[in-house]
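Enquirer: In case you want the letters, here they are:
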Amino acid sequence: MNTIEVKNLNFYYGNFQALKDIGIAFQEKIITALIGPSGCGKSTLLRCLNRMNDLIEGVKISGEVDFKDKNIYSKNIDVVELRRHVGMVFQRPNPFPLSVFDNVVYGLKVHGVTQAFRLEEIVERSLKATGLWDEMKDKLNSIATELPLEQQQRLCMARLVAIEPEVILMDEPCSALDPIATAKIEELMFELKKKYTIVIVTHNMQQAARVSDCCGFMLLGELIEFGTTSKIFTSPDNQKTQDYITGRFG
Amino acid sequence: MKNTKEVVIEKSLFLIALSAIFMLFLIAIFIFKEGTPLIFKVGFKNFVTSSKWFPLEGQFGIFSMILGTLWITAGALIIGVPLGLSCAIFLSEFVPRRIMAILKPTIELLAGIPSVVYGFIGMVVLVPLIRENLGGPGLSILAGSIILGIMILPTIISISIDAIQAVPRSYREGSLAMGATKWQTIHMVVLKAARSGIVASIILGMGRAIGETMAVIMVAGNAVKIPRSILDPARTLTTNIALEMGFAAGDHRQALFATGVVLFIIIMILNIIANYAVRKR
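Line by line, the protein sequences give chains A and B. Every letter in the first sequence is one number past the one before it in the UniProt record's numbering, and letter 6, counting from 1, is 6. Every letter in the second sequence is one number past the one before it in the UniProt record's numbering, and letter 25, counting from 1, is 25.
With the rest of the complex left out, here is chain A (with noise of 0.2 Å):
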């Protein structure tokens, strides 16, 4: 099933055209992986996704992103609410400059749950589902920005699994970290994934190769293909891809 459907998506950064005519479906409860040399449009598109561009000065969009069959770009959307559903974690760690647990209690301050009992035991339940709880449970009330990247990663994701969106959008998670810190976010993706649709943006194409179970190659702002990861992986249809995903640019 498709969470997310985008049809014929064009996005323009002032006079510049970042996506052209996008259709690209997101199926439920997999990773989909958006590969692509920098400057493709493969962040721009995945922050189409829960209208993060909104934030930006001077931008246009047409077309259609259908979160659940309702276009997320008509006007009687709530943006608030969608981003409730479609969350994010970012390329740089961005815990907030708060406790690890208020930073993990942001999202439910934000959506009204207030009971103490409640709190935590949905810390200890979010700790627990990225794998920061052994770590953590003694250092509750430490600064979140003061832990290691690797730590500040889990625990944006696990603020957002606090909230129990469906869709967690991951724009290159793991670009600020070593290899062995990337394997443990890698590790903690595919607990999500059975709980949480996922898309990530990635400029590593072994990350996308070992996480994705499809994937989509973009190039200049086109989605050149969309396929499942092995079949683009060892049989891509199309050229280009061919040409990036065994190196010859990008």
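No lab work stands behind these hints, which were simulated from the structure alone. A few of these clues could be false.
Across the chosen pairs, the derived CB separations fall in these ranges [what the hints assert, rightly or not]:
id	chain 1	residue 1	chain 2	residue 2	range
1	B	LEU83	A	LEU149	37 to 45 Å
2	B	LEU109	A	LYS195	55 to 63 Å
3	A	GLU187	B	ILE267	56 to 64 Å
4	B	GLU10	A	PHE190	57 to 65 Å
Partial selection, computed: residues in chain A whose CB lies under 10 Å from chain B [unchecked claim]:
id	residue
5	VAL89
6	LYS109
7	LEU160
Glycine included, every Cβ here is placed at the ideal spot set by N, Cα and C.
Since chain A is already given, all that's left is putting chain B on it; use the hints.
Expert: Just chain B now, kept in the frame of chain A:
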């Protein structure tokens, strides 16, 4: 060759930097040297707890002026902080950058208006307004607080805007990406991240309010008595010095320097408290 030049420049910069600190020390030493003998003569406790100020009869008590200073400063902060902070939040979060680039320097211009002009406006507009609508002489703590509250706005607004804009974009994005509204993002993340800068702006504003003299002389009434309400006139420590230094001599002159010493101590204490409050959290 080049090395000697480097050394000469470094040493002369050091000397110049030192002279600035040296001047600060000179001023402090001068005030204390002139003021402390009288404090010892009258007794520190008597000097700060008595409110009998009859310099010609040798009675020096500045309690009412300490109260006047604290009341007017507190009033200025009560008016200036919410106003300035709201303005800073609005300008940095809700107004497009292009318009901000015009508005912020305009607000900073407010700081360039001479204090006597503020005092004049207060005297001509504000004081009659208070007298006719709220009673009392008009020349009052309330008038002083309002004028000072306006005078500290540019300091608070401009420094708070800088602090809010220094908050990394990633914090805002992280919050919005979890479905927080703009206002939730501002008060739960942005203001917390910008807190030390905002507190610094309030401390600087407070410093300006305590030290301001001319505007206060013109609107606060300057009566030496313990204020009972915000509609009563009051004299502050700074205005006491400015009003009487012109004709003071002997013990009286020393008492005014002693007033400066007390002001110095109060400012130090308030600064330490404020700094401590920032660091603790």
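Enquirer: Look at each hint and say if it fits the structure.
Expert: Hint check results:
Against the hinted window of 37 to 45 Å, the Cβ-Cβ separation of LEU83(B) and LEU149(A) comes to about 41 Å, which satisfies the hint. Restraint check, LEU109(B) to LYS195(A): a C-beta distance of roughly 56 Å satisfies the suggested window 55 to 63 Å. Between GLU187(A) and ILE267(B) the CB atoms are about 57 Å apart, so this pair conforms to the stated range of 56 to 64 Å. Look at GLU10(B) against PHE190(A): about 59 Å separates their beta carbons, and that is inside 57 to 65 Å.
Hint status for VAL89(A) relative to chain B: holds, with the closest Cβ pair at about 8 Å, below 10 Å. At a threshold of 10 Å, the smallest CB-CB gap from LYS109(A) to chain B is about 7 Å, leaving the interface hint in force. For LEU160(A), the interface hint holds, since its Cβ comes within 10 Å of a Cβ in chain B; the closest pair sits about 7 Å apart.
The structure agrees with every numbered hint stated previously.
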